[in-house]
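**Student:** Place chain B on chain A using the hints.
Protein chains: 2
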Amino acid sequence: MTGGTARGVHWVLAHPQQDSLNGRLFRSGVETLSADHDVVTSDLYAQDFDPVLRESDLGRPASRPGGRAAERLAEAYARGELAADVVAEQGKLAASHLLVLQFPLWWYGPPAILKGWLDRVLVGGFAYDDRLDPRYGVPRRYGDGGLVGRRALVVVTAGEDPGSIGPRGISGDLESLLFPLLHGTLWYVGIEALALHVVHDADGLDEDGVQREETRLRERLRGIGTEPGRPYRRLRDGEYREGRALRADLHPGRTDLGIHRLDA
Amino acid sequence: MTGGTARGVHWVLAHPQQDSLNGRLFRSGVETLSADHDVVTSDLYAQDFDPVLRESDLGRPASRPGGRAAERLAEAYARGELAADVVAEQGKLAASHLLVLQFPLWWYGPPAILKGWLDRVLVGGFAYDDRLDPRYGVPRRYGDGGLVGRRALVVVTAGEDPGSIGPRGISGDLESLLFPLLHGTLWYVGIEALALHVVHDADGLDEDGVQREETRLRERLRGIGTEPGRPYRRLRDGEYREGRALRADLHPGRTDLGIHRLDA
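Heads up: the protein sequence lines correspond to chains A and B, in order.
Start counting the first sequence at 1; every next residue gets the next number (my numbering).
Start counting the second sequence at 1; every next residue gets the next number (my numbering).
Honestly, the hints are just simulated from the structure, not real lab data.
Since the model is a prediction, treat every value here as computed from it, not as a measurement.
Virtual Cβ for every residue (Gly too), placed ideally from N, Cα, C.
Careful, some of the hints might be misleading.
What the hints assert, rightly or not - Covered, in the sense of this in silico footprint (three residues per stretch, anywhere, with C-beta under 8 Å from a C-beta of chain B), are these stretches of chain A:
| no. | stretch |
| --- | --- |
| 1 | 118-125 |
| 2 | 172-178 |
Claimed, not checked - Computed from the model, here is a short list of chain A residues facing chain B with C-beta under 8 Å:
| no. | residue |
| --- | --- |
| 3 | Ala69 |
| 4 | Tyr108 |
| 5 | Gly166 |
| 6 | Gly169 |
| 7 | Tyr240 |
So that you can see chain A by itself, here it is in the shape it has in the complex (with noise of 0.2 Å):
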């Protein structure tokens, strides 16, 4: 685990070209933050950063043949035997209070690149542990987990308005595509996410439009530290029941994935 002390911030973007509007978003946003905080970054594709879980990152193959891979991953980290692209990756996001993940929309998620840094960098006793936290009865997961105390803007362009892609849009709302990332991942492991950033329209944007999202996304840095933070609901709070499902006294009859929020 952690300390809640950092005061970084982690820029990772995903996008295969350099000459993209993500990567001019990308370099206006960190020298923007840069004015003001130590900024590291991790340019998935520059790096050429390997996304696949593979059997060798669960450790040593002779010590548990068969084990399942979160656990024998988790083994592998308390022996100081993951891999060292991921133990890099790891010491950016201990070192940061805001992480930014940056990354067009494909296929309504974020690309191979940046889901494999996700399945590899966030593994248990690093980002979670599944032990019960004596003091809640509960794993610290979900609002309390490895990664505590930390902040996440998520910068994203899509290809369609936000008709299409939005709350009665055909290709539904970002908020609930999202969701797994939100609060499957940052949440999971302790880390609340702001509001989404998201450019509608990517793929038409002249350079005059470039230009004014470049001057959004400036204006919006240099106020994240004031934003609040996501409210959704912490396992620990006592509103699942043994964990699990949403009390029944809470939004009843609705499955819609808003009841995860305080402000639902």
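**Tutor:** Relative to chain A, chain B alone:
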């Protein structure tokens, strides 16, 4: 675009361990279907499939410096310039009437190796087409893509129980968590997903439990040909205004992902 008369089965597996529950289910599932179908497989780990959509996938770099990735992919497809491993996967997919996607749920989605298979294989021209279909005035997607007429079975193993990963469970329900795959990917390219095949508590199964799951999958596969598909709305049917947002008279006020099903 590919024809609709294919008769084979294409089974795609994404799990790093041959001796896993997933490996067992894969082998018995393929054996069962092979009695009545031509089955081709993509064991992504065994193939060492590269899930990273790279600049080199986008065709001749000189042709479109800075062009957006999706457009350049479609052009590379049209010119026959896609990588050999992608062409091979497209061939298997085109020859199948049933696609099986099997994976363990990692961070509430597919492992990176499978996400990248979608990123690289489902390119414009092959799997969808951004041009308007003159018959309906909308592009061929969401129920009418390049792989129309096919069906898909998603087989997923999850470490959690149905209370935790369910309609009111803290992790959300799988129908919503996998909406980007079931609707945003499969349905987008014309493939109708069948009901999910979920193995809960997958990490805790003993040998008897694994055998029960093998039997349950075999029994389901024997009747798979007559199963009804998932009734998502088709874009071309006029229920989305200008092809974007659901008409106001359909489920007024609702914004959950369920509104995109005809049986909502």
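**Student:** Have a go at the Gly169 (chain A) hint: is there a Cβ in chain B nearer than 8 Å to its own Cβ?
**Tutor:** At about 5 Å, which falls below the 8 Å cut-off, the nearest Cβ of chain B leaves the hint on Gly169 (chain A) intact, so it holds.
**Student:** Can you take a look at whether the stretch 118-125 of chain A is actually covered by chain B? Rule is 3+ residues, C-beta closer than 8 Å.
**Tutor:** holds (count 3)
**Student:** Has the stretch 172-178 of chain A got at least three residues whose CB is nearer than 8 Å to a CB belonging to chain B?
**Tutor:** holds (count 4)
**Student:** Hold the hint about Tyr108 (chain A) up to the distance rule: shortest CB distance to chain B must be less than 8 Å.
**Tutor:** Where the cut-off is 8 Å and the nearest Cβ of chain B is about 4 Å from Tyr108 (chain A), the hint holds.
**Student:** Are Ala69 (chain A) and chain B close enough, Cβ to Cβ, to be under 8 Å, as the hint says?
**Tutor:** 7 Å, holds
**Student:** Does the CB of Tyr240 (chain A) sit less than 8 Å away from some CB of chain B?
**Tutor:** Because about 5 Å separates Tyr240 (chain A) from the closest Cβ in chain B, which is inside the 8 Å limit, the hint holds.
**Student:** May I ask you to test the interface hint for Gly166 (chain A) with respect to chain B, counting a Cβ-Cβ separation under 8 Å as satisfied?
**Tutor:** 7 Å, holds
Checked against the numbered hints listed earlier, the structure breaks none of them; every hint is satisfied.
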